[in-house]
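Participant: Residue strings, one per chain:
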Amino acid sequence: MDSTTVVQLREHVRKKRPLIHHITNIVVSNFTANGVLSLGASPVMAYAIEEVEEIAQAADALVLNMGTMTSQSVEAMKLAASSAEKAGVPIVLDPVGVGASSYRTSVGKRIVEDFDTSVVRGNVAEIANLIGESTFIRGVDAPDDAKNKENLAIRAAKKLNTVIVVTGEEDIITDGEKVSRIENGDPMLTQVTGTGCLLTSVIAAFISTHPNSLEATTAAVAFYGIAAECAAESIKEDLKGPGHYQIALIDALHMTTNEEIEKRCSINT
Amino acid sequence: MDSTTVVQLREHVRKKRPLIHHITNIVVSNFTANGVLSLGASPVMAYAIEEVEEIAQAADALVLNMGTMTSQSVEAMKLAASSAEKAGVPIVLDPVGVGASSYRTSVGKRIVEDFDTSVVRGNVAEIANLIGESTFIRGVDAPDDAKNKENLAIRAAKKLNTVIVVTGEEDIITDGEKVSRIENGDPMLTQVTGTGCLLTSVIAAFISTHPNSLEATTAAVAFYGIAAECAAESIKEDLKGPGHYQIALIDALHMTTNEEIEKRCSINT
Amino acid sequence: MDSTTVVQLREHVRKKRPLIHHITNIVVSNFTANGVLSLGASPVMAYAIEEVEEIAQAADALVLNMGTMTSQSVEAMKLAASSAEKAGVPIVLDPVGVGASSYRTSVGKRIVEDFDTSVVRGNVAEIANLIGESTFIRGVDAPDDAKNKENLAIRAAKKLNTVIVVTGEEDIITDGEKVSRIENGDPMLTQVTGTGCLLTSVIAAFISTHPNSLEATTAAVAFYGIAAECAAESIKEDLKGPGHYQIALIDALHMTTNEEIEKRCSINT
Chain F
227 MDSTTVVQLR EHVRKKRPLI HHITNIVVSN FTANGVLSLG ASPVMAYAIE
277 EVEEIAQAAD ALVLNMGTMT SQSVEAMKLA ASSAEKAGVP IVLDPVGVGA
327 SSYRTSVGKR IVEDFDTSVV RGNVAEIANL IGESTFIRGV DAPDDAKNKE
377 NLAIRAAKKL NTVIVVTGEE DIITDGEKVS RIENGDPMLT QVTGTGCLLT
427 SVIAAFISTH PNSLEATTAA VAFYGIAAEC AAESIKEDLK GPGHYQIALI
477 DALHMTTNEE IEKRCSINT
Chain A
227 MDSTTVVQLR EHVRKKRPLI HHITNIVVSN FTANGVLSLG ASPVMAYAIE
277 EVEEIAQAAD ALVLNMGTMT SQSVEAMKLA ASSAEKAGVP IVLDPVGVGA
327 SSYRTSVGKR IVEDFDTSVV RGNVAEIANL IGESTFIRGV DAPDDAKNKE
377 NLAIRAAKKL NTVIVVTGEE DIITDGEKVS RIENGDPMLT QVTGTGCLLT
427 SVIAAFISTH PNSLEATTAA VAFYGIAAEC AAESIKEDLK GPGHYQIALI
477 DALHMTTNEE IEKRCSINT
Chain E
227 MDSTTVVQLR EHVRKKRPLI HHITNIVVSN FTANGVLSLG ASPVMAYAIE
277 EVEEIAQAAD ALVLNMGTMT SQSVEAMKLA ASSAEKAGVP IVLDPVGVGA
327 SSYRTSVGKR IVEDFDTSVV RGNVAEIANL IGESTFIRGV DAPDDAKNKE
377 NLAIRAAKKL NTVIVVTGEE DIITDGEKVS RIENGDPMLT QVTGTGCLLT
427 SVIAAFISTH PNSLEATTAA VAFYGIAAEC AAESIKEDLK GPGHYQIALI
477 DALHMTTNEE IEKRCSINT
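Residue numbers (my numbering), protein chains in the order written: chain F, 227 to 495; chain A, 227 to 495; chain E, 227 to 495.
Think of the hints as simulated: they come from the structure by calculation, not from any bench. It should be emphasised that the depicted structure is a prediction, and the values quoted were computed from it without experimental measurement. Keep in mind that a hint or two might mislead.
Straight line, CA to CA, 35 Å or less: simulated DSBU-like cross-link-like pairs of lysine-lysine [as the list claims (entries may be wrong)]: (1) A:304 / F:304; (2) E:385 / E:312; (3) A:462 / E:462; (4) A:335 / F:312; (5) A:462 / F:462; (6) A:242 / A:404; (7) A:242 / E:335.
Ranges between beta-carbon positions, derived for each pair [claimed, not checked]: (8) A:464 / F:494: 33 to 41 Å; (9) E:332 / A:297: 23 to 31 Å; (10) F:313 / A:332: 16 to 24 Å; (11) E:340 / A:409: 56 to 64 Å; (12) E:275 / A:328: 25 to 33 Å; (13) E:339 / A:339: 41 to 49 Å; (14) F:242 / E:332: 49 to 57 Å; (15) E:374 / A:359: 56 to 64 Å.
C-beta: ideal position from N, C-alpha, C; glycine also.
Using the sequences plus the hints, can you model the full thing?
Facilitator: Spelled out as structure tokens, the structure:
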């Protein structure tokens with residue numbers, strides 16, 4: 227896959243303006259909604275048990291994010307996922323912090339067992355814990371382990387029968403057979419909360435407007451990494467920090483040009 | 227009404243610093259609180275069943291926003307609204323997403339039936355669904371329908387016996403008799419989540435410090451639209467996007483001068 | 227204590243990167259998480275009854291913030307606090323709005339009675355209400371009462387057997403014996419929601435990496451005030467308002483240099 231596909235799929239999102247139903251965490255709600263809007267998609271956050279089935283089946287994709295989950299939001303996630311599945315709406319899971327508590331791990335495992343996710347995105351520790359390969363996890367940020375990362379992603383994709391994205395310095399995307407590595411991105415992403423969560427939503431927008439989940443996910447991860455680079459460049463000369471980077475990243479999801487995509491795109495397959 | 231009234235009522239808000247009790251949605255909580263503070267009012271977000279009656283009756287206005295409602299927050303809304311009503315505290319409703327699920331529609335209808343709202347602000351689809359005139363609604367953003375908008379607003383105001391604000395490219399404000407149209411505003415407002423929600427809070431601040439709800443609401447909508455224009459102008463030369471616009475809008479609620487209000491104010495009655 | 231200690235303790239935080247478990251309010255979650263990250267610590271927000279004990283005992287400090295509490299989050303706070311106490315994890319309480327409702331006051335009192343907090347940070351009205359000396363409180367912002375503030379802080383520290391921070395134009399820190407007064411800070415802090423909440427988290431990060439809570443708290447308050455000054459200076463020439471100040475403050479927690487700390491530090495003991 228090359229930059230032309232990234233450009234095309236990003237344009238598809240903008241034209242189709244897919245509705246992305248989120249059951250997500252409190253910390254990143256505003257950032258995610260603004261990022262999704264800036265990308266050109268339409269976010270809806272709705273959590274009530276009484277309505278999530280109706281909202282999910284009318285959406286173009288469903289994002290389940292476990293960040294600040296409670297038993298109530300887990301119940302809403304299950305209802306929404308079941309409804310999405312019946313309606314053919316793709317489900318993207320962000321297993322935030324799986325491994326940080328046994329409850330969190332069991333909820334994550336239950337979701338991937340009970341529902342057909344199209345994509346699961348997490349860091350090394352989250353993906354490892356999700357498939358029962360427990361690894362040290364501290365908070366929601368885990369150390370990269372470059373050499374085992376790709377094999378972990380492949381095992382997870384095969385076991386869970388889904389596209390897996392393992393993010394870190396290099397991002398791995400695989401369906402268990404084909405593997406892509408993305409070198410786009412910027413270290414500033416680690417200094418802002420919810421940048422992984424927002425990527426998950428960007429993936430949801432891309433896969434909702436393209437028939438091939440693996441290709442759409444790869445394009446989404448590349449586009450997001452490129453936007454992250456453009457954002458870093460935009461604040462560099464003013465010597466700004468993570469506060470401004472958060473804002474610049476939102477801007478970049480809207481303003482990154484096709485020329486930047488073509489110039490910066492670094493996908494290895 | 228002209229710009230002089232807008233200037234005066236905005237000054238009233240700053241001097242009286244009204245306390246606005248919000249039961250609002252998770253996505254916009256921080257943005258709303260900062261916008262209300264920047265305007266010169268005092269936001270309080272409190273949701274516990276055990277305390278909302280006490281908080282609401284001590285407030286200068288109560289904002290009910292249905293964005294990420296659950297059965298619990300709906301229960302809190304009802305208790306707060308009942309208490310506000312008894313204490314003579316004006317209630318402003320933002321029926322976010324009414325029409326997007328049957329639960330949401332029924333909750334919205336119940337609130338306007340059971341409580342005396344001073345103002346209800348929504349887009350075309352939300353207001354239409356609230357009075358049982360269902361319209362296609364996709365997410366929380368609905369297509370404008372300019373020619374029917376004014377009549378819809380009048381019907382809603384009469385049926386619900388409240389001031390209605392229908393926002394869109396042009397904003398309509400009516401009590402069912404008098405109608406104002408506001409042309410202030412900026413397209414960037416549609417690229418940031420919660421700009422409608424924040425307007426609802428600005429309206430609450432204005433009506434809490436002025437005896438005439440229709441006039442105060444009109445001034446609030448005009449002021450907000452003017453601030454939105456100033457915010458757009460402030461980021462234009464730096465070629466910034468929706469991330470920076472969100473920040474610039476918060477700034478503008480504080481920094482918009484009386485001269486800008488007089489220069490830009492566009493109220494048609 | 228002088229600026230050298232502030233510099234050292236800030237470096238400790240950066241090196242140790244403590245994990246700060248928050249049970250905090252909806253309004254400030256994103257701002258707090260980004261502020262803590264920018265400081266160099268690692269925030270985790272987790273609220274589920276089923277997991278808070280496990281998360282709290284593995285953390286380096288626990289922050290309890292009462293802002294948008296409900297009976298559910300209060301239950302989570304108690305479980306987390308009990309677990310933290312057993313594991314020797316320091317607890318920092320932010321009694322947001324205590325005095326604004328009888329429920330809120332009773333919850334605040336219960337927490338300080340039932341658990342050993344290391345530090346409690348609030349404004350005059352919150353601290354007064356927490357120890358049963360009710361004072362007029364309007365919203366969450368209370369008027370300063372400079373001459374009584376220090377005595378109030380000492381009484382509270384003795385009664386609750388904890389370090390007390392009373393913030394305002396001047397900040398008071400005391401363990402009931404020693405008293406420090408910090409003159410650092412900027413009036414812009416009052417125009418952004420959650421700046422007090424974020425200070426509470428900064429205090430948690432400092433005390434989690436230093437054996438002396440009083441000293442660590444004093445250093446944290448001074449550092450935060452200095453960062454607030456640097457943030458104000460960074461937006462002054464561009465004539466920006468509270469929206470940009472929020473972002474600049476996040477930046478400043480990362481970018482404030484040791485030279486700025488040495489130049490600006492104003493601690494009176």
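Participant: So, for every hint listed, does it hold in this structure?
Facilitator: Against the structure, the hints come out as follows:
1. Among the hinted pairs, residue 304 of chain A with residue 304 of chain F is consistent with the structure: their alpha-carbon atoms are about 28 Å apart, no more than 35 Å.
2. Straight-line distance between C-alpha atoms of residue 385 of chain E and residue 312 of chain E comes to about 22 Å, which keeps the hinted pair within the 35 Å bound.
3. As the CA atoms of residue 462 of chain A and residue 462 of chain E are separated by approximately 20 Å, the hinted pair is consistent with the 35 Å bound.
4. This hinted pair checks out: residue 335 of chain A and residue 312 of chain F have alpha carbons roughly 30 Å apart, not beyond 35 Å.
5. Distance check on the hinted pair: residue 462 of chain A and residue 462 of chain F sit about 20 Å apart at the alpha-carbon level, within 35 Å; holds.
6. With a C-alpha separation of about 28 Å, the suggested pair residue 242 of chain A and residue 404 of chain A falls inside the 35 Å cut-off, and the hint holds.
7. Taking the CA atoms of residue 242 of chain A and residue 335 of chain E, the gap is about 31 Å. The hint holds against a cut of 35 Å.
8. Taking 33 to 41 Å as the suggested C-beta distance range, the pair residue 464 of chain A and residue 494 of chain F conforms, at roughly 35 Å.
9. Between residue 332 of chain E and residue 297 of chain A the C-beta distance comes to about 25 Å, which sits within the given range of 23 to 31 Å.
10. Taking the beta carbon of each, residue 313 of chain F and residue 332 of chain A are about 22 Å apart, inside 16 to 24 Å as hinted.
11. For the hinted restraint 56 to 64 Å between residue 340 of chain E and residue 409 of chain A, the CB-CB distance of approximately 58 Å keeps it satisfied.
12. Range check, residue 275 of chain E to residue 328 of chain A: about 30 Å between beta-carbon atoms, so the 25 to 33 Å window is met.
13. In this structure the supplied range 41 to 49 Å holds for residue 339 of chain E paired with residue 339 of chain A, their Cβ-Cβ distance being about 44 Å.
14. At roughly 52 Å, the beta carbons of residue 242 of chain F and residue 332 of chain E sit within the given window of 49 to 57 Å.
15. Taking the beta carbon of each, residue 374 of chain E and residue 359 of chain A are about 59 Å apart, inside 56 to 64 Å as hinted.
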